[in-house]
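There are 4 protein chains.
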Amino acid sequence: MPGNTFGHSFRITSWGESHGAAVGVVVDGVPAGLELSGADVQKELNRRRPGQSEVSTPRAESDTVEILSGVFEGITTGTPVSMLVRNRNADPGAYDYIRNIPRPGHADLFYTEKYGVRDHRGGGRSSGRETIGRVAGGAIAKKLLMGFGIEVFAHVIELGGVKAGPVTFGDIRSNVERTAVRCADPEAAERMLRQVRLAREEGDSIGGIVEVIATGVPAGIGEPVFGKLDADIAGALMSIGAVKGVEIGAGFECAHMKGSQMNDAFVLEDGQIVPESNNAGGITGGLSTGLPIICRAAVKPTPSISKPQRSVDMAAMEEVDIEIHGRHDPAIPPRMVPVAEAMLALVLADHMIRSGRINPDHIRK
Amino acid sequence: MPGNTFGHSFRITSWGESHGAAVGVVVDGVPAGLELSGADVQKELNRRRPGQSEVSTPRAESDTVEILSGVFEGITTGTPVSMLVRNRNADPGAYDYIRNIPRPGHADLFYTEKYGVRDHRGGGRSSGRETIGRVAGGAIAKKLLMGFGIEVFAHVIELGGVKAGPVTFGDIRSNVERTAVRCADPEAAERMLRQVRLAREEGDSIGGIVEVIATGVPAGIGEPVFGKLDADIAGALMSIGAVKGVEIGAGFECAHMKGSQMNDAFVLEDGQIVPESNNAGGITGGLSTGLPIICRAAVKPTPSISKPQRSVDMAAMEEVDIEIHGRHDPAIPPRMVPVAEAMLALVLADHMIRSGRINPDHIRK
Amino acid sequence: MPGNTFGHSFRITSWGESHGAAVGVVVDGVPAGLELSGADVQKELNRRRPGQSEVSTPRAESDTVEILSGVFEGITTGTPVSMLVRNRNADPGAYDYIRNIPRPGHADLFYTEKYGVRDHRGGGRSSGRETIGRVAGGAIAKKLLMGFGIEVFAHVIELGGVKAGPVTFGDIRSNVERTAVRCADPEAAERMLRQVRLAREEGDSIGGIVEVIATGVPAGIGEPVFGKLDADIAGALMSIGAVKGVEIGAGFECAHMKGSQMNDAFVLEDGQIVPESNNAGGITGGLSTGLPIICRAAVKPTPSISKPQRSVDMAAMEEVDIEIHGRHDPAIPPRMVPVAEAMLALVLADHMIRSGRINPDHIRK
Amino acid sequence: MPGNTFGHSFRITSWGESHGAAVGVVVDGVPAGLELSGADVQKELNRRRPGQSEVSTPRAESDTVEILSGVFEGITTGTPVSMLVRNRNADPGAYDYIRNIPRPGHADLFYTEKYGVRDHRGGGRSSGRETIGRVAGGAIAKKLLMGFGIEVFAHVIELGGVKAGPVTFGDIRSNVERTAVRCADPEAAERMLRQVRLAREEGDSIGGIVEVIATGVPAGIGEPVFGKLDADIAGALMSIGAVKGVEIGAGFECAHMKGSQMNDAFVLEDGQIVPESNNAGGITGGLSTGLPIICRAAVKPTPSISKPQRSVDMAAMEEVDIEIHGRHDPAIPPRMVPVAEAMLALVLADHMIRSGRINPDHIRK
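Protein sequence lines, in the order shown, are assigned to chains A, B, C and D.
The first sequence: position 77 = 77 (our numbering), numbered continuously.
Heads up: take any position in the second sequence, counting from 1, add 1000, and you land on our numbering.
Heads up: take any position in the third sequence, counting from 1, add 2000, and you land on our numbering.
Heads up: take any position in the fourth sequence, counting from 1, add 3000, and you land on our numbering.
Chain A extracted, bound-state conformation (with noise of 0.2 Å):
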């Protein structure tokens, strides 16, 4: 069974190579009555997009978004959402080099070793620029759990070792934009920038942590007990490239914790039985506990560096060293914000309607 289909009730399928004709998605699940414009997606794409700054890789594109169906009259109708990004700056030929030559740390040789054939123009398939299907599609999710008062947010906590202060959910919303980086903590967020240019400067790069918050998801969301909440956000994260680890609310930390410290107690807010803290981050059992959710990821450095690498020639067979020098980012943790915001609001549209809090066939019922 392939795997370019993601969510179950509110379902993206995703397509499309990094040097190929074009990239898209189709959302599946859409509940008719939704207002939906090419603005709305195309808002997130430009989040997402390359060249943007000194952070991300120079590669020109507009990622202009086309919808092809499912809209009417500026009305979602129920049917597919089908979305297409034009790939227009691509430069197959700067990748001859790389034909033979699997890079470290990329799927290269795994493609190869899977497929037996792969297209290995900027990685293909397995490049990050697949994820514009999944922000597209997230950015309709985002506007349909908005309208249920669920707003999802991302932004850099960690980069290249500097580690972010504390932040209010305030300052997330008012600062993640203003910087390259997208860490809400200015100071914090010149010394990464800083970092950010010294990985350039030695043609090395460096990895990070993305926290993803939601707010405004009611108790009692997800499926026990494989499809759990966290379960479905854990696998959603970890399938963003570069992904090696995602940890839900104290995460790690609660290793080191006793359950007197860890447990969130419950206590009575406004006739409501509300946990009091949120060691949980937002789930517990599996279920949302009506508290935001609060997740992260860790993200590895670019595996694309121009200091040299071992690698081989698979049609030599001989081992050799490779340099990259294509357009690529030295850091992937800022573009990854609106990648992960997205893939936190597909799982919370899917679990909204999954447990019947959104109706599946249309947004007023």
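Just so you know, the hints here were simulated from the structure itself, not pulled from any lab data.
Be careful, since some hints might not be right.
Said to hold, decoys possible - In silico lysine-lysine, BS3-like type, Cα no more than 30 Å apart, as pairs: (1) A:163 with A:43; (2) C:2163 with C:2307; (3) C:2163 with C:2043; (4) C:2163 with D:3043; (5) A:365 with C:2365; (6) D:3043 with D:3163; (7) B:1043 with B:1307; (8) D:3043 with B:1365; (9) C:2043 with C:2365; (10) B:1365 with A:163; (11) B:1307 with B:1163; (12) D:3043 with D:3307.
Unchecked claim - Among the chain B residues that face chain C by a calculated CB cut under 8 Å, a handful are: (13) 1016; (14) 1017; (15) 1021; (16) 1026; (17) 1029; (18) 1032; (19) 1035; (20) 1068; (21) 1079; (22) 1080; (23) 1082.
What the hints assert, rightly or not - Some chain B residues well away from chain D (every beta-carbon gap over 12 Å; in silico): (24) 1028; (25) 1201; (26) 1257; (27) 1276.
Idealized CB from N, CA, C, for every residue including glycine.
Given the coordinates of chain A, work out where chains B, C and D should sit on it, guided by the hints.
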């Protein structure tokens, strides 16, 4: 869409509550031709069974499995394998006091939010007893994989703040079942055990980290872009109760690394192109690399503690203190070892079939 | 991907062989809040049970169901409902003579082609005994639907060449269980019964047609374009052993009709727009129309006959004659009535939830 | 759960409305290594295309397909194949008169019941134009199957009451594209054509029966008990608009047969055990028998007719008469031939992979 089925080509459907008549699992997609007996499954269930040592609950359950279908004359037939374990030592009356009082750190309140009703006895479906289905299904996956040279094993690498020292795969295989805490480093195991005792004396509990490993997985397994092997593993491990974080290979450590450190260079070995190091943890771009798969799950401290905690009586709608004196483990990681192995084995069996490495109809085809 | 799970939001997983330890089913997606007892399920199983009359096999099975999970204090909890029926009157030795000789009209040879091995006793998994899981799951679906005003019932409209005369829904409800052949036209039922007796005397068997009806289905249920309601019904009915054709409404008759005859015009009735006629059989464009759903399944004659038939001994690889003297029904349609009802009910429960008409978490939400 | 995806291991996701920007399909699960060009797909689309003869709508569409992904240097790469057909001859204004008046026999009213809104132009998503996605996806399935010796073809065997005489597979292959009605019996084709003309003159339409055949399918394909090959075929064919009945092999005729007539005896042929006759239509017990798969779909008369019909104006809520003068075919079966072939090919490609007969990663593995 409900959530009690896991996997695609090799698929389990789990059912059962802690104090209902029984718990069990249906395994669909087991290829025909596999020798299978109750003993194969019992062996794994015995490792998960309570009452084995001072680190686990004293609930006395033999957890005897009965295979009800799918096996004929000692061989699987390709039809579903249904397995059943009766609940014997159920003591439902012992849970009357939590009928209306949700336990902090447990799913009680959120099951009520979702379903309106809940079986409160021992946590009902959200009990750790649910993992019997996982372990029974995983036992078949493990046996199937073993025939294709794949071995799955796990160990506790951190408990109550005590970290295990470095161990070899050989150490893990030979040592892990020798200690009650399932740590392969005997010296650390001793200190971990002291932490367990201390926690019990304090009426508290401790968390830890379980590492799961698979050797012998061929390169090229996984389904980009959403069915990536690491995405499925992350979802699988996060679906286990009490897990709050998952990482693969270098995991969260990669956030502090540079590309030149993180990337696994390629070298020629016996005419094969292989990664020289394994920071990737055996998976790159969502595909197996041919090196051992190494992943870790962060496990929170057992939420059931006898120290008083604040909660709310849902009937009286007033805040109360609750002390939990039921039967429970002061630390979950040791008993999670066979569960984590089961989940990794289930993912691998599924993907081995999905990618055509194991024939879905008969293992010898 | 294996095939023992049916449905999406309301979903059954069936397991068990004719002469294994038991047969059963796991029903996932039953909303919480439904009153459910073993008697609700037993009632339907008793209608399917063998040995009830001269038209069915004399195999003596009480087919007593045990509900193992998902129900607490008489109410469903939203967790999977697992049900089990032990095989009591198994007589495996009676099948030794067909271990190597595939029975014409049965799946024996093709199970061997697919799986390499097979449980030959009574057809193993391909036995009609497999339908116990369908009927048990369908019993829950029927009870769920009943609470939303939907009723499902079936009757035999043709058997051994005898066609039933026109009957009303009222006739079906009151008459169908009064005759051994489950035909609502008493006079035709008498003639059908004579055909059954004649066939048995000749050592032969007869086919027929079962009609299944659902009343009370609201308009707009179904999921274009592949999850159309009629597509799912066709797949559901065709998945029952011995069914060779399925039609909805005018069915094959429509091939001879003109558009002006076939189209159901729209009229106003009590302020509602409704079709004036029901040639569509309650489904147009894959969506329910609000009128009764009417579908029919063509059922082949029982393949097990005592007349000599040609087959091949797979061990000796030589042609042989085979006479089948096991316990079997001379006509399948009467006992298929509850099975066909179950399958239609399963499809409708699934689609009622999928389209948001029944809340997936709790029936009263 | 929405319904625009079909298949499991070989899977299409279809999208698009009749008068939107485009229609298309994403095909996931195409094994790598298949030679594929736009011409392979265009060939099949041209057979489905309108405006080819007097039996089809005069809407002028070239239906030119663009392959956007999944093919590199003329070979499939294992990644999703996305295909797009722009709508050129859309004439949306021509449908203003049906914005509020549901057409009898069409899904208009029921889309409104389900989704609240609908794209009324030419039926929107419920238009026959949706089948472009099926045919494009089916073209890849057919090419894939052809490499494994499986051929799929269809013909019209009844139209407007005229039945074709007996024809051989050879007749079908050579004759079916020679007549506008796609009937392999030239004499009957002539009479069918007269029925088409007569219907058009009367402002009416006629129904018919399409037979679909697959040769070369190996024995043992299919997934008991719900994923039976015939169950999936029945669902696939019934999902095509206008189909009201499906049968396999003897089909509804089996209702009048005896077991001794219906059963296909087994004989030895070249050392293989094979059925001597093919009343089963190539499928028994849900598994392929090795003989040709033969199935038939009953197709209702085109619902769009120019004769006045009764309907209701949904805005004014008053009964009105409606005459449909848009572009439409007086008979659907001839153009359904490539669509039915596509659906059968999709089911077979899916099951060939699911049962391990075609490797999911690469066709040569």
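So, going through the hints one by one against the coordinates:
no. : hint               : in the structure
1   : A:163 with A:43    : holds, 28 Å
2   : C:2163 with C:2307 : holds, 26 Å
3   : C:2163 with C:2043 : holds, 28 Å
4   : C:2163 with D:3043 : violated, 46 Å
5   : A:365 with C:2365  : holds, 13 Å
6   : D:3043 with D:3163 : holds, 28 Å
7   : B:1043 with B:1307 : violated, 35 Å
8   : D:3043 with B:1365 : violated, 36 Å
9   : C:2043 with C:2365 : holds, 28 Å
10  : B:1365 with A:163  : violated, 54 Å
11  : B:1307 with B:1163 : holds, 26 Å
12  : D:3043 with D:3307 : violated, 35 Å
13  : 1016               : holds, 5 Å
14  : 1017               : holds, 6 Å
15  : 1021               : holds, 5 Å
16  : 1026               : holds, 5 Å
17  : 1029               : holds, 4 Å
18  : 1032               : holds, 4 Å
19  : 1035               : violated, 11 Å
20  : 1068               : holds, 5 Å
21  : 1079               : holds, 4 Å
22  : 1080               : holds, 4 Å
23  : 1082               : holds, 4 Å
24  : 1028               : violated, 9 Å
25  : 1201               : holds, 51 Å
26  : 1257               : holds, 30 Å
27  : 1276               : holds, 26 Å
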